[in-house]
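Visitor: Mind docking chains Y, W and H on chain D? Use the hints.
Taken in order, these protein sequences are the chains called D, Y, W and H. Its first residue numbered 42, the first sequence is counted upward by one per residue in this note's numbering. Its first residue numbered 42, the second sequence is counted upward by one per residue in this note's numbering. Its first residue numbered 42, the third sequence is counted upward by one per residue in this note's numbering. Its first residue numbered 42, the fourth sequence is counted upward by one per residue in this note's numbering.
Any given hint could turn out to be false.
No distinction is drawn between identical chains; accordingly, a pair holds when it is met within one copy or between any pair of copies.
[Claimed, not checked] The calculated lysine-lysine pairs, modelled on PhoX-like cross-linking and capped at a C-alpha distance of 20 Å, are: (1) K137 to K367; (2) K328 to K359; (3) K182 to K234; (4) K328 to K315; (5) K135 to K377; (6) K367 to K326.
In short, the hints are calculated from the structure, not lab data.
Below, each chain spelled out in residue letters.
There are 4 protein chains.
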Amino acid sequence: MNTFGRLLKISIFGESHGECIGIVVDGCPAGLRLSMHDLISDLERRKGGAKGTTTRIETDIPLIKSGIFNGKTTGAPIMIIFENKNINSEEYEKIKDIPRPGHADLTAKQKFGKFNDYRGAGHFSGRLTAALIAAGAIAKKLLIKNITELPQVRGNPGVNTKESASFSEEGRLLPKAILSEATNSSPRKFTIKAKVVEVNGSKNIESAINAAIKENDSIGGIVECRILGLPPGLGEPFFDSVESLISHIVFSIPAVKGIEFGSGFRCASMHGSKCNDEIINVNGKTKTNNAGGINGGITNGNEVTFRVAVKPAPSISKIQNTINLKTGKSVKISIKGRHDVCISLRVPPLLEAISALVFADLMLIEQKIPKIVR
Amino acid sequence: MNTFGRLLKISIFGESHGECIGIVVDGCPAGLRLSMHDLISDLERRKGGAKGTTTRIETDIPLIKSGIFNGKTTGAPIMIIFENKNINSEEYEKIKDIPRPGHADLTAKQKFGKFNDYRGAGHFSGRLTAALIAAGAIAKKLLIKNITELPQVRGNPGVNTKESASFSEEGRLLPKAILSEATNSSPRKFTIKAKVVEVNGSKNIESAINAAIKENDSIGGIVECRILGLPPGLGEPFFDSVESLISHIVFSIPAVKGIEFGSGFRCASMHGSKCNDEIINVNGKTKTNNAGGINGGITNGNEVTFRVAVKPAPSISKIQNTINLKTGKSVKISIKGRHDVCISLRVPPLLEAISALVFADLMLIEQKIPKIVR
Amino acid sequence: MNTFGRLLKISIFGESHGECIGIVVDGCPAGLRLSMHDLISDLERRKGGAKGTTTRIETDIPLIKSGIFNGKTTGAPIMIIFENKNINSEEYEKIKDIPRPGHADLTAKQKFGKFNDYRGAGHFSGRLTAALIAAGAIAKKLLIKNITELPQVRGNPGVNTKESASFSEEGRLLPKAILSEATNSSPRKFTIKAKVVEVNGSKNIESAINAAIKENDSIGGIVECRILGLPPGLGEPFFDSVESLISHIVFSIPAVKGIEFGSGFRCASMHGSKCNDEIINVNGKTKTNNAGGINGGITNGNEVTFRVAVKPAPSISKIQNTINLKTGKSVKISIKGRHDVCISLRVPPLLEAISALVFADLMLIEQKIPKIVR
Amino acid sequence: MNTFGRLLKISIFGESHGECIGIVVDGCPAGLRLSMHDLISDLERRKGGAKGTTTRIETDIPLIKSGIFNGKTTGAPIMIIFENKNINSEEYEKIKDIPRPGHADLTAKQKFGKFNDYRGAGHFSGRLTAALIAAGAIAKKLLIKNITELPQVRGNPGVNTKESASFSEEGRLLPKAILSEATNSSPRKFTIKAKVVEVNGSKNIESAINAAIKENDSIGGIVECRILGLPPGLGEPFFDSVESLISHIVFSIPAVKGIEFGSGFRCASMHGSKCNDEIINVNGKTKTNNAGGINGGITNGNEVTFRVAVKPAPSISKIQNTINLKTGKSVKISIKGRHDVCISLRVPPLLEAISALVFADLMLIEQKIPKIVR
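Isolated chain D (complex conformation) (with noise of 0.2 Å):
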């Protein structure tokens, strides 16, 4: 369905050429400042503009509907909507019975028959991600709020020894030498940042978007994340690991095709005595991190990194073939238009977003994010 999360959870909605795109979030704890400010930043990252992407530039404004008052979110359902203008969906009447390859039009077709919003891509259209950035972008600020901005102490619940042994904040017993040193520490420092790290097989970026920009085509590209300061512990033992979940939410920004945590694809090759993580003291810090700050699906402590495989933009204006269904013969296609030449630009922003939703309600399952916000 269209629904994600257990505490934090998220309901999208809308079509790329209906009246609006937009998101509920449900769960978010009272008290959170928020207001449409809050999200621009990473909504402005995910729109066009830049070489090798669109020129066709939609002015992105979230408008908050509900689940605020007094600039301070209330507990209660927050609604985002995205107002859909300039739309021309004659281009789309066009082809609606010829299936453009590499998109969603026909699977559409077979799963929700003709009645399927065809414009646009309709429902299963990139737009729809703005809403995630506008979501995660609220996760985001639950996180730094109660990761970064918050003298915390955190020690290695279950390892005490001692009877005299004192209790965390967490109402975890805390053996003394650990005490004492998550006393005297400072805050973690929360941080999230993905970017692109390979297009067209190649780590120079600008020279592999102007080539495709000659040729006419688009590239695919390999994104990565890094999360840091998040606490050990999170994500459960069995269907619900940190691996699974991000995975399935990072599934439905289109045109992912594979993901991998830490050494991820390049551990198949390793040998077990290079690929596990030396553990160098008691929180858990590893020497290396192959397993991506996940051990078991559940954080370790360590930084949690993962990298995404984007697959080429479908939309090309080079000629293709495929098949107009109401004759059955094939067709050839020509896809015209403002398209990106590497899709993959757009993604850093929105695995941040989905990381920061399943984050978010992780630490509040964990309750390491209260319910009403300090």
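Guide: Coordinates of chains Y, W and H only, in the frame set by chain D:
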């Protein structure tokens, strides 16, 4: 949590060195012929014993404790238990404060404190995957019964243009041309098949394993799964895409660190003109299959393919550095026992099981498996 | 949380004095003809204006913002919004530290702290039930379309005794006798109808209301809902019984304090020989209907009936005692405004709406409403 | 389905005359001391044997098969099984085509076809409630441990007026006056207690039972549950109100046909001035408790009270009319055996169990029970 699925729901429990492991399968339609013999062949494939796998073999007898009557499912939850035998937990007592690199020992402690059952990895043990295999075998039977054994009329819904169109079995409109084709067609054939395609970076699996045995180390690998015969239209447009659901449950298999659908990470180096799969008939058959049978998160009727990266088993007898959590000092550890040199060899039946669970659930949601088995 | 349903899922949002209230309806099959006109007649019934209800009337115009294309549902989420107008929040500023007895003023503060939107009861307002009515109207259309408008063959599955038995439309075995009966039968007719059966303990509703108006007080009542035409077999054996699902959502209607199915509380004074409903034909028709059409949590094909207790509206102009939370001192409060003397009068369309939502969901799960509307 | 709960999730399985019944309890915090002895006293209360209940007594021994290590919960799922013994299914063979009035015999067949396990009501049997009792006993321990045994600072959040306000244990602002009161206060005391308040319309329970025994018939009753000590703020504003959650699971107890909270159906005959509960201090204590401790779906800190209507057990030896499904003819049936004259007598521990499950879940969600038990 430890639950997965929407209409076909599984709930897993148990520990490696506890009394048992097991699973509850809820939502299986009534009337499916089922006995433990249906579960055994896939369980056999998961077991060790072959070169490159552990020489410690448990007799994995699945005891079906509920949900069956007169040899058929009743519609009520099916509970399956595997009793644990020949458990030797002494080894684990010695190392309970010394987390093994690459294992979940430390994260389990970070999450559950000193109360975690550390014996044989407890609830995090790979042994729980036997329960997944058993549940998957039920899902496989549902799929085979409802795809291969049934003559089916399947058209391309929503493509009709004439008033005189007929209805498909699912009550969807069928254009005349497609109808006659469909009526004549033989039934779909459902197959699901996973295999190891590479270990330690080599396609020569046997020699790679022999080398690893000599080196006293473990090695990773890549396992591929292919599913043929699925109808188009399975999966949801946004958060519950087929890729989302499969990857969600794939990452509950210990040692999996990456997944890609179709050409996956190779798409990141492709041009759009190459990556887009040309559609060659009205049923959506494509010339190539870079999409892995999935567009916009929804099956397109072509073969579904995905590959997972399996890291080397973390248990190795080679000496490794880690930390003693009690003393905070660095220690050396050598993990004794009969380990899997190449754990990838045991993954194929698991990929089949989790795929079958996802697709049986989606088939129920799309009403392509009836609530009472025919 | 603010989400309900399994395959037909609703997600509600909004505040009484915010910009809007609304709902997302996810999982509605594609192809259902739908416009705001389908929603309006039930919305009109919910509105005040009649004797005994508030004289403050909002123009409840449901704006369908997504999920519709060419006048039909697309299968994507349907978002419906009601804009708030003519809001006067001043009154609420005055009493924000003085919780009104019988209202959620204090519990909202206890849950969400000082961040709660207290204006007009905020997210707790009865105004949100307009969104429920709109969602319910969609569910009603699904039920009418798939029960009343379709000729159906419905047998008593599993009752066959002969090898030569035929299959029902649902692929279930039908004994010959039942088959012939079913084939000849006219279609089921679906009706859903709720009404006030008692106010302030009296069946003479008008005189009870007149008395209450004179006394300047509010009064409670009992509302009954009857649903005819549902197929047997809906509901789940354990936690998701029909009674469980209906009562779950009924208690989200403000002022409901009790529910009973069939003869309900009267059963507590009955003997078994009287309470048991005699079965009089193979379709399960019963002579009496103390069970309210539900046995073991599952519909039995008879009329489903339930009654709810509605407390008097808490807003009254009579002087009441409460506490000033700032000063801790007792204060007197008289709630001014145009109140509902008998809020029960507005409940009938709500009972119909929530029943339709539950049964449309169950019909989808039992595959009696197709995923693409015929 | 057969699953209930959000963070504390239960999954039930088993049949009356199969090998066993049982339950998986997922999400119980680690560190709770637990053995089968904690479950037995409530299980004893559910058992028959007293006057008015069945004379057939099973030895209900709850075998805890997973999730416990060294006598404490580990955080992994807890699976509890009850083996079935002394089963005599012959009686049921005779009547398998003759549905008993008032039982789920026919609806089970209508739902699952001929595959339903009809022996002793199969999965629909009241015997499964033993599993609910066991799960509820765990939830009770969690509540007692985290309410009664902990000294707590509880203020009225959000009510502060001064900059110098302090934080409560939950990180919420506390006004000075309340803070000092709270600090001095003794811990809350948690109690949960259900009892039969009426049978067959009479408060004289013993004489009503004696009369029913003479009449060879069964009788219904009303059971009340009271829960004291819960913090305010539990429950959700809309679909997951406390009333919604409790009534959802209450109706999975066989024979329950109605529920009312606080004054419930009596509210329908009250005036608002009488029904509204006067608030008498800043903690929300009320003079009366017509609301049953719940306003707007959320606990208000007062005692939570509810009552359920229990119909007479449908199994009676008196002759009843029903239908033979094979022949379609009317037949007479007398149900032999050792029946419950007054099944209500066995309901009290069940109301306590399901209430404890709901409130332990809500306490986890509101972060008032920590993820590792203190």
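Visitor: Hints first: check each against the structure and report whether it holds.
Guide: Comparing the hints with the structure gives:
1. For the homomeric pair K137 and K367, the shortest alpha-carbon distance inside one copy (10 Å) is at most 20 Å, but the shortest distance between copies (54 Å) is not.
2. In the homo-oligomer, the alpha carbons of K328 and K359 lie at most 20 Å apart only across protomers (18 Å), although the nearest pairing inside one protomer, at 48 Å, exceeds that limit.
3. In this homomeric assembly, K182 and K234 come within 20 Å of each other (Cα to Cα) only inside a single copy, at 14 Å, whereas the closest approach across copies is 43 Å.
4. In this assembly of identical chains, the alpha carbons of K328 and K315 lie at most 20 Å apart only when taken from the same copy (11 Å versus 41 Å across copies).
5. When the C-alpha separation of K135 and K377 is checked against a cutoff of 20 Å, the pair qualifies only within one copy, where the shortest distance is 12 Å, while the shortest distance between copies is 60 Å.
6. Within a single copy, K367 and K326 get their C-alpha atoms only as close as 61 Å, which misses the 20 Å cut-off; across copies the closest is 16 Å, which meets it.
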